[in-house]
Amino acid sequence: MNKTIAARGIALIAVGLAAMATPAVAEEITLFQPGQSAWEWLLVPSKHDGAKRIREGKTCMSCHAGEQAAIGNSMVSGNALEPSPIAGMAGTVPMTLSASYDDTNLYLSACWQQPDSTTPWGDEADEQHLTFMLGSSELSLAPIAGCWASCHNDLPGMPNDAGQQLTKYLPGSRTKLTATGGGTNIKPADELQAQLAEGKYLEYWQLLLNDDQVTGASDGYFLDHRAANADSAVSGNGQAGAGACSLQLVRPLAATGTGRHALQEGVEYTLAVALHANHASGRHHYTSFPMRFRLGAGGDAELTAQRK
Amino acid sequence: MGKKGQPGRIRRFFATPSARWGTGALLATGVLVGALGWAGFTTFVDASSDPRMCHSCHEMREFIFPEYEESVHWTSRSGVRPMCADCHVPHGFFAKLGTKIRATAIEIPAHLMGNIDTPEKFEAKREELAKRVWARMEKDDSAVCRHCHDVSAMDTKVQAMSAVSEHEAGFAEGKTCIDCHKGIAHKLPESMLKQEEEDVDFDF
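Residue numbers (our numbering), protein chains in the order written: chain A, 1 to 308; chain B, 1001 to 1204.
Hints are not guaranteed to be accurate.
As the list claims (entries may be wrong) - Output of the computed footprint for chain A on chain B, the stretches with three or more beta carbons under 8 angstroms from beta carbons of chain A:
hint : stretch
1    : 1151-1165
2    : 1181-1188
3    : 1192-1204
In short, the hints are calculated from the structure, not lab data.
Bear in mind the structure is a predicted one, so any value in this text is a computation, not a measurement.
No residue lacks a Cβ here, since even glycine has one placed at the ideal position from N, Cα and C.
Please put together the full structure from these sequences, using the hints given.
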């Protein structure tokens, strides 16, 4: 009898340990070429059938889940939204994504195979950039449009690029937006500071990779422009590449400085991924649709970080 | 007297039995004439709906048809290629007859007067012409679209998710095909696109 109880106890402990050691749930996502589908393009009904749905608050995934490959392949083969497709460029990149956290940090793991190419796709010094974008519920556009809220027709390489060398910005940072973008109609500094304080910005975390090794890390935020933090809170380790993938981005849960969200268990955020591969620059990146992201079980997020 | 006599002669012509021709011969002749007339009419309608007829006008051949060749109706995964008449000539008899009469009375004279005989003239009138076609489609619930596309035959399992959701929402709102599918065979008028961009609120 005592032996039976002991055996059951050991079995329960084993199950408990196994549960604790369960790896984070990996999600298979498809990154795709977005072409020149800027925020302004999204909102014009004759150009984007879902313009009305965006205004209703629908997310990209609510209409386009499963269409990533079709969109990406279309962009590299002569879609009107991509006036200068790069020869030989793949339309999509499959990626395995998982997340976990402990009392101190968030860990994001990503595995993908850089598409083959005999020639570089751009003139970026680093071979690959892996960028995560995070938005909180304070920014209403974050779950609806994700990165697209920061992509505009007047950015470099976009249809109304007037050579102003603007960097990504949010609609809320401009006094007026038109079909050509918001240009330099930037709101007064005190209004931008208030938006920062209210969390109405998109945060980004970026790893630079060469030969599948992490060679740099940075973070920052998008509001009126892309603001890089002087001291990166994120770091990366491991190796990319489908064969021996161990790449991990580490970001402290706590927020320090400007333009950083404190990450909290049980709270839903918006997370998106962008990949510049093979020295590609600007719009020639692979992007994910924005995903609902949550730390800890519960809810129906598209990516859930498991507690370690 | 003559004027009074005419109705009587006409009535007699139709009402008096023939002493010379047999009833069967008369009936057969009537049927033959009717059949020949019908065949002649449909041949004329078909010939006037043939793409070669449309192509015989240089404005169609040189700057209207080429943009159609860039559209999803020209090349698609299903391989179905509707031609001009499939979308621009109704398929019901009387509607088709009306279109032919209208084309004869309005469009041929417009062609002869050179109303759209240059790309510039066509662009200037594109919005007016497009709106005329859209109005007809809105009025008859996009009958020419539905001649090929049957909503009940659509396999939503193989449709894009966005198409399924937009169709559901659109039909629930009482929309017809052309309400959403403008500009899928010919380019949308630049003037409309500019106006639309001015009307959109990008700050929302």
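Verification of the hints:
1. 1151-1165: holds (count 4)
2. 1181-1188: holds (count 3)
3. 1192-1204: Coverage by chain A holds for the stretch 1192-1204 of chain B (10 residues, Cβ < 8 angstroms).
Violation of the numbered hints given earlier is absent; every hint is satisfied by the structure.
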